[in-house]
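Enquirer: These are the residues of each chain, in order.
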Amino acid sequence: MTTPHPAITDLTTHLLTPQTKRIPLPVAAIRVLLSTIRRSRAETMMGLQAELREASDVMVDFAKRGGPVETTNDDGIKVTRYLLANRSHTALTSGTHLFLKYVTRASLETPDFTLCKSQVLERGTRFAEFSLAARDRIASTASNFIREGSTILTHGRSSVVEALLLRAATVEKKRFKVIVLEGRPDAGGAKSAKTYDAAGIPTVLILDSAMGYIAERTRIDMVLVGAEGVAENGGVVNKVGTFALGIVAKELGVPFYVAAESYKFTRMFPLNNADLPEVKSEEEDGAGLRLIKFLDTLSWSGDGGGKSSEAQDGSSNNSGSGGGLEKYLVDLPKSISVENPPCDFTPAKYITLLFTDLGVLTPSAVSDELIRLYQ
Amino acid sequence: MTSDTAAPSNLEDPSNVRRWLQTNHPKQFALLDNFEIELRLGRFSSTRDASKPGAHQGSASSRYQYGRDRRLITTRTVELVRAIIGPTRWKTAAQLLTLLRGLGNELHAAGGYREPAIGNVLRRIMYAVRDEADHVVPSQSSGVDDMEKIDELTEHVSSKLRVSTGKELSLASMLWAHPQHVTKHSRQPSGDYNDRLRSDSMGSESGIDCWDANGSNIYPPHFYSRRDDLRQSVMEAIQEMMSELEDLHKNINEQATQHIHAGEIILTYALSKTVELFLKAAAAKKRKFQVIVCEGAPHFGGHQMAKSLAEAGIDTTVIHDAATFAIMARVNKVLLPAHAVLANGGLIAPSGSNMVALAAKQNSVPVVTVAGMFKLCPMYPHEGQNTLNDLISPSSILDYSLMGDPVLSEVELVNPVHDYIPPQLIDLHVTNIGGFQPSYIYRLLAEYYHSDDWEAFE
Chain A
304 MTTPHPAITD LTTHLLTPQT KRIPLPVAAI RVLLSTIRRS RAETMMGLQA ELREASDVMV
364 DFAKRGGPVE TTNDDGIKVT RYLLANRSHT ALTSGTHLFL KYVTRASLET PDFTLCKSQV
424 LERGTRFAEF SLAARDRIAS TASNFIREGS TILTHGRSSV VEALLLRAAT VEKKRFKVIV
484 LEGRPDAGGA KSAKTYDAAG IPTVLILDSA MGYIAERTRI DMVLVGAEGV AENGGVVNKV
544 GTFALGIVAK ELGVPFYVAA ESYKFTRMFP LNNADLPEVK SEEEDGAGLR LIKFLDTLSW
604 SGDGGGKSSE AQDGSSNNSG SGGGLEKYLV DLPKSISVEN PPCDFTPAKY ITLLFTDLGV
664 LTPSAVSDEL IRLYQ
Chain B
4 MTSDTAAPSN LEDPSNVRRW LQTNHPKQFA LLDNFEIELR LGRFSSTRDA SKPGAHQGSA
64 SSRYQYGRDR RLITTRTVEL VRAIIGPTRW KTAAQLLTLL RGLGNELHAA GGYREPAIGN
124 VLRRIMYAVR DEADHVVPSQ SSGVDDMEKI DELTEHVSSK LRVSTGKELS LASMLWAHPQ
184 HVTKHSRQPS GDYNDRLRSD SMGSESGIDC WDANGSNIYP PHFYSRRDDL RQSVMEAIQE
244 MMSELEDLHK NINEQATQHI HAGEIILTYA LSKTVELFLK AAAAKKRKFQ VIVCEGAPHF
304 GGHQMAKSLA EAGIDTTVIH DAATFAIMAR VNKVLLPAHA VLANGGLIAP SGSNMVALAA
364 KQNSVPVVTV AGMFKLCPMY PHEGQNTLND LISPSSILDY SLMGDPVLSE VELVNPVHDY
424 IPPQLIDLHV TNIGGFQPSY IYRLLAEYYH SDDWEAFE
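Protein sequence lines correspond, in order, to chains A and B. The first sequence begins at 304 in the numbering used here and counts up by one. The second sequence begins at 4 in the numbering used here and counts up by one.
The following block holds chain A by itself, in its conformation from the complex (with noise of 0.2 Å):
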């Protein structure tokens, strides 16, 4: 296998390194790009230029490949981990594509190119610091919105609406109950959720089925959700459910928000879910990219242990070294395929209103923010 590219290598150190794993995709991307120029040794603008698109199309497609590294497991076998299967790239498009853009900025600004690559260089470290600033924007903005004795529903696991729901709750002291979506696959409503709980709020946690079901029956006031990115006409790339969360809360007539910083507007005019740049979802090789484990739950009891259920599970009938779990997997025939999409998009008429460090938006203002900026 050939050395993979610097800035692969990275983008997984900053996705593998526990303090840096949670840092936005876009702010990780851009600071894989600072690398980039500080490695660099381009002598012109055009030569670094070249070089930071390189390293961007690197990323993207990276991501776009689920994000697989190859790493040791316990047992000493080597093993692919995907880092980024339930992640879209658009999120990390959005950051590089603002970074070459400054860039190209900077470069008429300062003509001069050694002058030019240290300001960058200095003024980027500050993008680095816009995440925590941007998201407390958000929170300080945005909290008015939650009400005393509300409801809310939310899904997936974001920081900005995290950080959203924790300052109202522990800054501003109010009483509201939030209902969290599993998220399946990687269950980022559940860990979203011990944060809830951890800071007082109390917290329902429920199958991603169940959306429907709960969003009726528990009178919800507002369905808040984060963003992977967000498409120009104001439509948002999120984890996948999102799109249907939509649907519910429209036809139920709750409004539906969506919390994102203003570095994830993305060039992007997707008009539906198939104008989303494709994911390799399926069958890469295999094993690869069909992550996702079908298990019966309901018969697992917990320790292992094979219990009285097992006798009806028929199906599972690879019961083999013994972890206990996969003997609940649902074989499934090679017949059946399997796609698993990360995110989805959600059209700009299911979104009320987004709330952006750059104020509290309707959608069809993030299309006016990117023409600002892009023109």
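Incorrect hints may have been included.
To be verified - Derived DMTMM-like pairs (lysine to aspartate or glutamate); straight-line CA-CA distance at most 20 Å:
| id | chain 1 | residue 1 | chain 2 | residue 2 |
| --- | --- | --- | --- | --- |
| 1 | A | Lys420 | A | Glu357 |
| 2 | B | Lys364 | A | Asp500 |
| 3 | A | Lys367 | A | Asp647 |
| 4 | A | Lys367 | A | Asp578 |
| 5 | B | Lys94 | B | Asp134 |
| 6 | A | Lys652 | A | Asp578 |
| 7 | B | Lys283 | B | Glu257 |
| 8 | A | Lys652 | B | Asp430 |
| 9 | B | Lys336 | B | Glu458 |
| 10 | A | Lys477 | B | Asp16 |
| 11 | B | Lys94 | B | Asp16 |
| 12 | A | Lys652 | A | Glu535 |
| 13 | A | Lys476 | B | Glu386 |
| 14 | A | Lys477 | B | Glu386 |
| 15 | A | Lys420 | A | Glu346 |
| 16 | B | Lys94 | B | Glu135 |
| 17 | A | Lys553 | A | Glu519 |
| 18 | A | Lys324 | A | Glu346 |
| 19 | A | Lys477 | B | Glu461 |
| 20 | A | Lys480 | B | Glu386 |
| 21 | A | Lys596 | A | Asp489 |
| 22 | A | Lys553 | B | Glu386 |
| 23 | B | Lys94 | B | Glu257 |
| 24 | B | Lys336 | B | Asp324 |
| 25 | A | Lys596 | A | Asp634 |
| 26 | A | Lys404 | A | Glu354 |
| 27 | A | Lys476 | B | Asp430 |
Because the hints were derived from the structure by calculation, they are not lab data.
For this one, chain A is given, so just place chain B on it according to the hints.
Expert: Just chain B now, with coordinates in the frame of chain A:
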């Protein structure tokens, strides 16, 4: 906020404003007091404009009379602000902004919350102050460090590229890593959570903390330097605002014939001066159309409205509110009055209007609102139907004499004043500066108010 009790004469905290005026400017203080009393008593509809033709008499008894001339209240507010900030001794833009915010809080507490327009004009004046203060950055700032130089250079270049990278937040200003993107939101209650975030994000950054160096500086540094020309330019801005208010109806009514066509049937709800004048303006231009007026129970402003329209020779029909749906099928256009236009393009209108808007949607009848720009409120309907709403005495629903009835006295009566109408039910807002779709309102907000002034008065 630390209120300095030792020196009541300083203008550093909005909550000091009342005391500051009292000690230093008793005359202006008396003006403010008078205004507040009138505001509390809801007297504005019957004071100065009683002599004006077209003023609605006999309605002054009710505090919530639709068609009460909001423009008058707005004008009086601007006059008051002019009278207060004109002669008083503030020195810097920051002090003036503090004074204005303090005034806003005062008026809000005195019942201004019922009239969002009061807060709106104050915010507009604050925007004018910021604008003027930013206009010429004082030259005495000799010790500019490199970072600032770069900022200036950036601004220079990007103005060439016609990108606004000013002090407003935008993607472009973020691209240039302007300090406002990295520094914290200026006004937040301090708490552990924030402090932690603050220390995290500020990190070891240098050169960016000029904005928020000691926490108390909520305005950019050059707002704290003395500006003698500021008074003149702010007074000019206020004068402009006054003339805009004077021409308000003229500018709205110029558009009347664009929206009201010959032979159309227009439905309107209850009483509104703006709508009334709008319809009359169309009639004055020889348009023949029919108006259906919903009576607007329980205040029945529609009756007055119908009378006034009929006097102007307009073919007018009054229906009871419950007949709205039945009549909607034959209506060509719905014209709604506004109490306030919200940041998302939604509308606060007389209670019952939401029903009219829904009936219009069901029948695909366009809904047009008529409102002066001073009704544009930089706030979102956080509270749904409770937004900017008020529950008032049920005397208009039920006669008090009936309350002696032991059964009736157990009955609860709810009498909300307003309705919130979501933006998707509205097709067009007609204002004194033109017609706008609800989805465009956010841009008008950016033109009229500074985002740091959005914060509600309290």
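Enquirer: All the hints need checking, so say for each whether the structure fits it.
Expert: Now the hints, each set against the structure:
Pair hint Lys420(A) plus Glu357(A) holds up; C-alpha atoms about 18 Å apart against a cutoff of 20 Å. Using a Cα cut-off of 20 Å, the hinted pair Lys364(B) and Asp500(A) is violated, with the two alpha carbons roughly 42 Å apart. Using a Cα cut-off of 20 Å, the hinted pair Lys367(A) and Asp647(A) holds, with the two alpha carbons roughly 14 Å apart. A threshold of 20 Å between alpha carbons decides the hint, and for Lys367(A) with Asp578(A) the separation of about 15 Å falls inside it, so the pair holds.
Of the supplied pair hints, the one linking Lys94(B) and Asp134(B) holds, its CA atoms being roughly 16 Å apart against a limit of 20 Å. Under the criterion of a C-alpha separation no larger than 20 Å, the hint pairing Lys652(A) with Asp578(A) is consistent with the structure, at around 16 Å. Straight-line distance between C-alpha atoms of Lys283(B) and Glu257(B) comes to about 11 Å, which keeps the hinted pair within the 20 Å bound. The suggested pairing of Lys652(A) with Asp430(B) holds, with an alpha-carbon distance near 15 Å, which does not exceed 20 Å.
With a C-alpha separation of about 35 Å, the suggested pair Lys336(B) and Glu458(B) falls outside the 20 Å cut-off, and the hint is violated. Annotation: proposed proximity of Lys477(A) to Asp16(B) is violated, straight-line Cα distance about 27 Å (limit 20 Å). Distance restraint check for Lys94(B) and Asp16(B): the Cα-Cα separation of roughly 15 Å lies within the 20 Å cut-off, and the hinted pair is therefore satisfied. Pair hint Lys652(A) plus Glu535(A) holds up; C-alpha atoms about 13 Å apart against a cutoff of 20 Å.
This hinted pair checks out: Lys476(A) and Glu386(B) have alpha carbons roughly 17 Å apart, not beyond 20 Å. For the hint pairing Lys477(A) with Glu386(B), the CA-to-CA distance comes to about 14 Å; that is within 20 Å, so the pair holds. A threshold of 20 Å between alpha carbons decides the hint, and for Lys420(A) with Glu346(A) the separation of about 10 Å falls inside it, so the pair holds. Our distance criterion of 20 Å between C-alpha atoms is met by Lys94(B) and Glu135(B), whose separation comes to about 14 Å.
For a cut-off of 20 Å, the pair hint linking Lys553(A) to Glu519(A) stands: about 11 Å separates their Cα positions. Under the criterion of a C-alpha separation no larger than 20 Å, the hint pairing Lys324(A) with Glu346(A) is inconsistent with the structure, at around 33 Å. Taking the CA atoms of Lys477(A) and Glu461(B), the gap is about 19 Å. The hint holds against a cut of 20 Å. Restraint check for Lys480(A) and Glu386(B): the C-alpha separation of about 17 Å stays at or below 20 Å, so the hint holds.
At roughly 11 Å between alpha-carbon atoms, Lys596(A) and Asp489(A) fall within 20 Å of each other, so this suggested pair holds. The hinted pair formed by Lys553(A) and Glu386(B) meets the criterion: a straight-line CA distance of about 18 Å does not exceed 20 Å. For the proposed pair Lys94(B) and Glu257(B), the alpha carbon gap of about 42 Å is over 20 Å, so the pair is violated. Using a Cα cut-off of 20 Å, the hinted pair Lys336(B) and Asp324(B) holds, with the two alpha carbons roughly 16 Å apart.
Between Lys596(A) and Asp634(A) the CA atoms are separated by roughly 10 Å; this keeps the pair inside 20 Å, and the hint holds. Taking the CA atoms of Lys404(A) and Glu354(A), the gap is near 14 Å; set against the 20 Å cutoff, the hint holds. For the proposed pair Lys476(A) and Asp430(B), the alpha carbon gap of about 38 Å is over 20 Å, so the pair is violated.
Violation of the numbered hints given earlier is confined to hints 2, 9, 10, 18, 23, 27; the remaining hints are satisfied by the structure.
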